[in-house]
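J.: Residue numbering for the sequence shown follows this note's numbering, starting at 1 and increasing by one per position.
Do not rely on the hints blindly, as some may be mistaken.
As the list claims (entries may be wrong) - The following label-pair restraints were derived from C-beta to C-beta distances:
#1 Trp146 to Trp54: 25 to 35 Å
#2 Glu227 to Ser143: 18 to 28 Å
#3 Asp216 to Arg489: 35 to 45 Å
#4 Pro219 to Glu246: 25 to 35 Å
#5 Asp214 to Ala501: 31 to 41 Å
#6 Glu246 to His187: 24 to 34 Å
#7 Asn10 to Gly144: 44 to 54 Å
#8 Gly144 to Lys272: 36 to 46 Å
#9 Gly144 to Glu86: 35 to 45 Å
#10 Asp78 to Leu226: 24 to 34 Å
#11 Gln188 to Glu100: 33 to 43 Å
#12 Ser143 to Ile382: 48 to 58 Å
#13 Ser14 to Pro66: 25 to 35 Å
To be verified - When the alpha-carbon atoms are kept at most 20 Å apart in a straight line, the in silico EDC-like pairs for lysine to aspartate or glutamate are as follows:
#14 Lys79 to Asp25
#15 Lys231 to Asp258
#16 Lys272 to Asp541
Because the hints were derived from the structure by calculation, they are not lab data.
Cβ coordinates follow ideal geometry from the N, Cα and C atoms, glycine included.
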Amino acid sequence: MIADRYEVHNAIGSGGVGAVFRAWDSQLNRYIAVKRWNAPEPMLDDPEGTERLWREAMTLASIQHPNILTIHDFGVDDKGPYVITEFIDGETLDQAVADERFDVDAFAEAAQQVLEGLIAAHQAGLIHRDLKPQNIMRTRLPSGAWQYTILDFGLARFVTRPTVQSLEGNTSIYGSILYIAPEQLRHQPLDARTDIYAFGCLCYYMLAGQNAIDGDTIPDLIARHLEHAVKPLEEWRPDLPPALCEWVMKALAFDPADRFSSAAAALGALAKILPGSIRKTTIRIALPGQSPAPTTPPPSSPPPRPPRLRKPPRPGPPPTRSAAVLRWAPAAAALLLVAAAVGVLVWHRRAPDPDDASTIRYVTVERPSPTDTTIVEAVITIWPDDIAANRRPLVQQYFELLRDQLDTKWGSTGFVLEALAVNQFDQTLNTNEFKTISNLTYHDQTGRTLGELDVIIWNQRENRAEVVYEAAVSDRLHRKAVPSRNQLRRFERALKKHDVAQILHPHDDSWTFTPEQFEQSRFEVLGSRGAIAAGFDTEVDVTYAEAKFLQRKLIDWREARHTAREPLVD
1 MIADRYEVHN AIGSGGVGAV FRAWDSQLNR YIAVKRWNAP EPMLDDPEGT
51 ERLWREAMTL ASIQHPNILT IHDFGVDDKG PYVITEFIDG ETLDQAVADE
101 RFDVDAFAEA AQQVLEGLIA AHQAGLIHRD LKPQNIMRTR LPSGAWQYTI
151 LDFGLARFVT RPTVQSLEGN TSIYGSILYI APEQLRHQPL DARTDIYAFG
201 CLCYYMLAGQ NAIDGDTIPD LIARHLEHAV KPLEEWRPDL PPALCEWVMK
251 ALAFDPADRF SSAAAALGAL AKILPGSIRK TTIRIALPGQ SPAPTTPPPS
301 SPPPRPPRLR KPPRPGPPPT RSAAVLRWAP AAAALLLVAA AVGVLVWHRR
351 APDPDDASTI RYVTVERPSP TDTTIVEAVI TIWPDDIAAN RRPLVQQYFE
401 LLRDQLDTKW GSTGFVLEAL AVNQFDQTLN TNEFKTISNL TYHDQTGRTL
451 GELDVIIWNQ RENRAEVVYE AAVSDRLHRK AVPSRNQLRR FERALKKHDV
501 AQILHPHDDS WTFTPEQFEQ SRFEVLGSRG AIAAGFDTEV DVTYAEAKFL
551 QRKLIDWREA RHTAREPLVD
């Protein structure tokens, strides 16, 4: 008996770090699983082992997701620490593939469920680091459908930026050799794309019935990983759609920059390749600290106006690694309440009906010349052909949202995208913890401007940048977003070389930042509509044509306001 409650019956599995047993929960009358830490002696006096299992417990407990194993309890007794999880009576993915490799429909369902689980984990700042067929289990639901569950996050860590793979700072490599990413073998920084590589190997295995990396010895396998000696999937499965084979090979690309940037991006791309096999989802992607926003505010709610940016606290010293871990661990459960999946972040608000004459308002602006009078529409009635009728109410809302931002430049469509992104994030972020700012400039010791940061999610509690976005708006979004990613890499390189001396706000010289406040940031790319499917990290629901039209309208509105003899009133 464990804790006078759990009656251990039999062992059901073991690995390098522990053993798993089936047990009976005498209080709730159900089977559960118990995981014990493998050790040659009791672990009560082994704080390192206890700490590691505690971290696994915290990792699992922070996530409530149907495709991730649920943890029920954690404790320590005279035999050492233990974790109590749900008991899943099914088969592992390697057992399933041994019977028969997957067809397209079966693969699509398995891939989607695993990706949805990874999305939830990655949104919490977790990477699994040991994704493999033995860590994916499937069970039959009463409906007959398969339910896939990711097991054993014991090697995962909370990460808010890429970290060198190790446990407690040592130099060991952790992960299964057949699915380990090249950067793990080379002790390079890891992030969510490390799981994307293992997931790509997993997909290859499901479809080919063979491992992507093969060899007779461990040195052979390591060499093949580092040489990326992978046979093209289409050679094993010529019956598969070529685009699907390309999708799998992209997921297991050698260079992390060539893989999908996130699990959400991978799922979005797969949905385009297999539109009839991937279930649609309406759960929106969230950032750490977000709380789900209502889909539609009450009709009486006034349209939101751009919030005024508040100054964050004066820059202080960056938090230490241990302090950061202590802050993140208790917050994990709250952070993971945020749902994560592929989708588009949008506002849904009631818009005026352009066909209703009673709602159309005009503002007459008298120019300095008494013979020159211009009509500026507060509600747009003249639309270009490249903006669809069903999109016009949303564009009208965007126009009303942005038109009074007098301190914003509208010199390009990119500024429109950035302003919409700022308002989008501010509508969904927990404003007690996070704030969105934009258009910061960074400079060297001489004051020379080195570049600009488009959109920043600022962590107000820790007084540092959480996410730095480069914005890209285009009607032909490139899947790698090369120009935008190069901008981010230029900033990262400048930080690493200590070329950045100060980071400034464009409208308030007293608002300055230190380079250290950006060293823990994630660097991502956001784009216009369709960006996630193109491989970007986040998107705003506006097309290039709509952003271009809004830019012209906003410039006209501002010019009219500046030249008017009296303030504009709509």
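J.: Against each hint, give a clear statement of whether it holds in the structure.
T.: The hints, checked one at a time:
1. Trp146 to Trp54: 25 to 35 Å: holds (32 Å)
2. Glu227 to Ser143: 18 to 28 Å: The hinted range 18 to 28 Å is violated for Glu227 and Ser143, with Cβ atoms some 45 Å apart.
3. Asp216 to Arg489: 35 to 45 Å: The hinted range 35 to 45 Å holds for Asp216 and Arg489, with Cβ atoms some 39 Å apart.
4. Pro219 to Glu246: 25 to 35 Å: holds (30 Å)
5. Asp214 to Ala501: 31 to 41 Å: Between Asp214 and Ala501, where Cβ atoms are some 51 Å apart, the hint is violated.
6. Glu246 to His187: 24 to 34 Å: holds (30 Å)
7. Asn10 to Gly144: 44 to 54 Å: violated (29 Å)
8. Gly144 to Lys272: 36 to 46 Å: Since Gly144 and Lys272 have Cβ atoms about 28 Å apart, the given range 36 to 46 Å is violated.
9. Gly144 to Glu86: 35 to 45 Å: With Cβ atoms ~21 Å apart, the hint is violated.
10. Asp78 to Leu226: 24 to 34 Å: violated (45 Å)
11. Gln188 to Glu100: 33 to 43 Å: holds (37 Å)
12. Ser143 to Ile382: 48 to 58 Å: holds (52 Å)
13. Ser14 to Pro66: 25 to 35 Å: holds (26 Å)
14. Lys79 to Asp25: holds (19 Å)
15. Lys231 to Asp258: holds (18 Å)
16. Lys272 to Asp541: holds (17 Å)
Hints 2, 5, 7, 8, 9 and 10 from the list above are not met by this structure, while the remaining hints are.
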